[in-house]
Amino acid sequence: AQSVTQLDSQVPVFEEAPVELRCNYSSSVSVYLFWYVQYPNQGLQLLLKYLSGSTLVKGINGFEAEFNKSQTSFHLRKPSVHISDTAEYFCAVRRRVNTGFQKLVFGTGTRLLVSP
Amino acid sequence: GAGVSQSPSNKVTEKGKDVELRCDPISGHTALYWYRQRLGQGLEFLIYFQGNSAPDKSGLPSDRFSAERTGESVSTLTIQRTQQEDSAVYLCASSLGAGISPLNTEAFFGQGTRLTVV
Numbered sequence: 259a260q261s262v263t264q265l266d267s268q269v270p271v272f273e274e275a276p277v278e279l280r281c282n283y284s285s286s287v288s289v290y291l292f293w294y295v296q297y298p299n300q301g302l303q304l305l306l307k308y309l310s311g312s313t314l315v316k317g318i319n320g321f322e323a324e325f326n327k328s329q330t331s332f333h334l335r336k337p338s339v340h341i342s343d344t345a346e347y348f349c350a351v352r353r354r355v356n357t358g359f360q361k362l363v364f365g366t367g368t369r370l371l372v373s374p
Numbered sequence: 263g264a265g266v267s268q269s270p271s272n273k274v275t276e277k278g279k280d281v282e283l284r285c286d287p288i289s290g291h292t293a294l295y296w297y298r299q300r301l302g303q304g305l306e307f308l309i310y311f312q313g314n315s316a317p318d319k320s321g322l323p324s325d326r327f328s329a330e331r332t333g334e335s336v337s338t339l340t341i342q343r344t345q346q347e348d349s350a351v352y353l354c355a356s357s358l359g360a361g362i363s364p365l366n367t368e369a370f371f372g373q374g375t376r377l378t379v380v
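Chains A and B are the protein sequences, given in the same order. Sequential numbering of the first sequence, starting at 259, is according to this note's numbering. Sequential numbering of the second sequence, starting at 263, is according to this note's numbering.
So that you can see chain B by itself, here it is in the shape it has in the complex (with noise of 0.2 Å):
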């Protein structure tokens, strides 16, 4: 596609309830990261995906937390048994790559999912 889609673009669930959000890379890109912003501060890295393997998902903040990605394409990240603090947004982004290449640097961004815990 033209850019990174994120679906769906806003979800309130029921604390307890599992969500499951959805990134459709830039067509080609290899290389997909998840971020989660909660209100009023920085991006916090989940996981990484090059290909379909995930070679750092050190920023996973519990168990809950899983994703996945399938065909080189599309990734899901699924959280279970949701909480309040998991209110947030949550980007994807896609690059090229993640070899030494300076054309692998840039990564484009998804517009984000507003997930709200109630």
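Bound-form chain A, shown alone (with noise of 0.2 Å):
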């Protein structure tokens, strides 16, 4: 079965200092990856896809994202990070079939705390 794991639970960080968030999947088969945030109270927002072309995916808020298909990993990163960054963030992967796509499968989260 299809799984992700984001090995950090929190990520603690001071405010304008550089972040990885870290994701790896299972499947080596053909995969959709997403990054998805969760502010506080909130629902989910999709960040960033990764479907084809290019390994390197540019989100919104300054975010991007790398897929590394030899390692599974599509590690999110922040140069940056504001204040406003706060909240949880989940890594997702949907594995593409013929018929169409499976669920997403989503991660444990990481939540990412920004202090001044």
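In short, the hints are calculated from the structure, not lab data. Hints are supplied without guarantee of correctness; some may be wrong.
What the hints assert, rightly or not - Selected chain B positions facing chain A (Cβ under 7 Å, derived; list incomplete): (1) L305; (2) S315; (3) A316; (4) D318; (5) E368; (6) A369; (7) F371; (8) G372; (9) G374.
By construction, the Cβ of each residue, glycine as well, lies at the ideal position given by its N, Cα and C atoms.
Using the hints, build the complex out of the two chains.
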């Protein structure tokens, strides 16, 4: 079964510092990869997605992620974080099959805590 | 509608009672998903609809859980004889479709229903 691993449950970082949130997935077959953000008391919002093409994907709010097929990773990065980036970040994978897509499978999430 | 709408936003119920959670997907979206998010945990898949049929209901935790969708629109998730372990945020998402087009890949989420069983 498809699985997603987010090794870091919580990442504390100071404002304006760079950050990397790690994500690894289990399957080597054709997959689509996503990062979602959940701000406190809100629903999930798509940050970025990798479907095909360039392995470096840019998303909203200055985030980017790199798809690495050999390492089955899709780490999320931001060169300089803001206090407002404090949120829960979820990595998700969707496996492509001939008839369409399987369900989105989520990791357990990483809480990014940005302090002054 | 403009986004995925879920109601109620909060629900407190007594153990043993039945509850019904509602999801209004984005107009025109044929695929609809239900997820459960327990406190401090990730999203747990429950069930997925394509149109009014459910090709994948593998995540429903027990026969107390059921879901239906009518008119390729509104979906309801019903939990019978609620237990304290059912306490969670229940999230609904919709996407344009489930075919292989990249247009179908993005799922839009509602703000969830926070269920508390006391």
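query = Checking against the hints above, which ones are violated?
reply = Checked against the structure, the hints that fail are numbers 2 and 3, while the rest are satisfied.
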